[in-house]
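Start from chain P and add chain H according to the hints.
2 protein chains.
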Amino acid sequence: MTTDAKPSSRERLLEAAATLTYRDGVGIGVDALCKAAGVSKRSMYQLFASKDELLAASLKERASAYTATLLPAADDNRSPRRRIMHVFDQLESQAGAPDFQGCRYLVVQIELKDQGHPASRVAHRVKENLTGFFRAEAERGGASDPDLLARQLILVFDGASARAGIQADSPTGLIVPTVTTLLDAAGVS
Amino acid sequence: MTTDAKPSSRERLLEAAATLTYRDGVGIGVDALCKAAGVSKRSMYQLFASKDELLAASLKERASAYTATLLPAADDNRSPRRRIMHVFDQLESQAGAPDFQGCRYLVVQIELKDQGHPASRVAHRVKENLTGFFRAEAERGGASDPDLLARQLILVFDGASARAGIQADSPTGLIVPTVTTLLDAAGVS
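Those protein sequences? They're chains P and H, same order as listed. When the count follows our numbering, it moves up by one through the first sequence with no breaks and lands on 189 for the last residue. When the count follows our numbering, it moves up by one through the second sequence with no breaks and lands on 1189 for the last residue.
The shape of chain P in the complex, shown without the other chains (with noise of 0.2 Å):
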């Protein structure tokens, strides 16, 4: 019966963490975690090390959903100018969501304050793995210096992200028209 339950707990607390460190921010503690997951601590900590396991597992459960949210299929044959800017029309779709606090792989590093935290490694690795998609495709699409587009590109990804989070701008008629501006600036087809 043990055996049986222990998956379920483990599923159960990676989205309680999920759910509320998004909501609540990272200081949220392991007694509202495991209230909301159902699982008693000690399950908890047999299932994690600890509260900076359980959080850096559960981003980890969910970046490859989130990549695959945001990134055209592999057989996607569009332009790398549209393949980068489908990238934006799924973050502008996810902003516009009522509970949108900004990308949580960016939100989570800002607000652990240390870069070697399990849980900011994890979502280091997630952003520069969009950054190597933007990237490749500024590399296809002939820029004429991919790594700055890319650079540009996860900053503005980043800056409206946050902005949106925070319900200070919206993406709508702002993202489009700057990838626009950045995208011929750097001559990407």
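Source of the hints: derived by calculation from the structure; they are not laboratory data. Do not rely on the hints blindly, as some may be mistaken.
[Unchecked claim] Pair by pair, the computed Cβ-Cβ distance ranges are:
#1 P/T180 - H/Q1167: 25 to 35 Å
#2 H/R1023 - P/Q167: 50 to 60 Å
#3 P/E128 - H/N1077: 36 to 46 Å
#4 H/D1024 - P/E128: 23 to 33 Å
#5 P/A49 - H/D1147: 18 to 28 Å
#6 P/K35 - H/Q1046: 29 to 39 Å
#7 P/T180 - H/A1073: 33 to 43 Å
#8 P/E15 - H/A1073: 46 to 56 Å
#9 P/G142 - H/T1180: 34 to 44 Å
#10 P/D145 - H/K1041: 48 to 58 Å
#11 P/E128 - H/A1065: 32 to 42 Å
#12 P/L47 - H/R1140: 40 to 50 Å
#13 P/S79 - H/T1180: 17 to 27 Å
Ideal Cβ placement from N, Cα and C applies to all residues, glycine included.
Same frame as chain P, but now just chain H:
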């Protein structure tokens, strides 16, 4: 004696709130703030209705110095383009400091996740003032769409600041070409 001590306690609390919140996040406890300030909790609550009010006051206290550091002097007669670039030069300089964690007025809003919080409201106004500066300079510089350019510039400011704060990137070699491209596209002289 109590009367003489009050201004000093207040200043120490504002300083502790600014420093510790920036370093450790908005979850910092009242005990830690009072300890760092060398002020009793009783005295703190005589000076500030709540920790939220102390945080808001600490942000407000620094707001004009922050804006003065970023903006060009009132008698700085350079072109709108150079006056806008001045702000980004200042950001680049700030981001080089070893304890830089991003613009505190962005970070606090991301962490609080509550736009009605008194500290979020102070921070929101500070960023609105900066956006207003960009918009005024964009207009003076003949931008084709001053509103759009102002939104783009504050997006770049916040994106670059956030990414430098988490050590994902540095503004060097990134902000100047990005802002230049946006100013060129908008036709700002």
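Hints, one by one, checked against the model:
{"no.": "1", "hint": "P/T180 - H/Q1167: 25 to 35 Å", "verdict": "holds, 29 Å"}
{"no.": "2", "hint": "H/R1023 - P/Q167: 50 to 60 Å", "verdict": "violated, 26 Å"}
{"no.": "3", "hint": "P/E128 - H/N1077: 36 to 46 Å", "verdict": "holds, 43 Å"}
{"no.": "4", "hint": "H/D1024 - P/E128: 23 to 33 Å", "verdict": "holds, 26 Å"}
{"no.": "5", "hint": "P/A49 - H/D1147: 18 to 28 Å", "verdict": "violated, 50 Å"}
{"no.": "6", "hint": "P/K35 - H/Q1046: 29 to 39 Å", "verdict": "holds, 35 Å"}
{"no.": "7", "hint": "P/T180 - H/A1073: 33 to 43 Å", "verdict": "holds, 35 Å"}
{"no.": "8", "hint": "P/E15 - H/A1073: 46 to 56 Å", "verdict": "holds, 53 Å"}
{"no.": "9", "hint": "P/G142 - H/T1180: 34 to 44 Å", "verdict": "violated, 21 Å"}
{"no.": "10", "hint": "P/D145 - H/K1041: 48 to 58 Å", "verdict": "holds, 55 Å"}
{"no.": "11", "hint": "P/E128 - H/A1065: 32 to 42 Å", "verdict": "holds, 35 Å"}
{"no.": "12", "hint": "P/L47 - H/R1140: 40 to 50 Å", "verdict": "violated, 60 Å"}
{"no.": "13", "hint": "P/S79 - H/T1180: 17 to 27 Å", "verdict": "holds, 25 Å"}
Hint compliance for this structure: hints 2, 5, 9, 12 are not met, and every other hint is.
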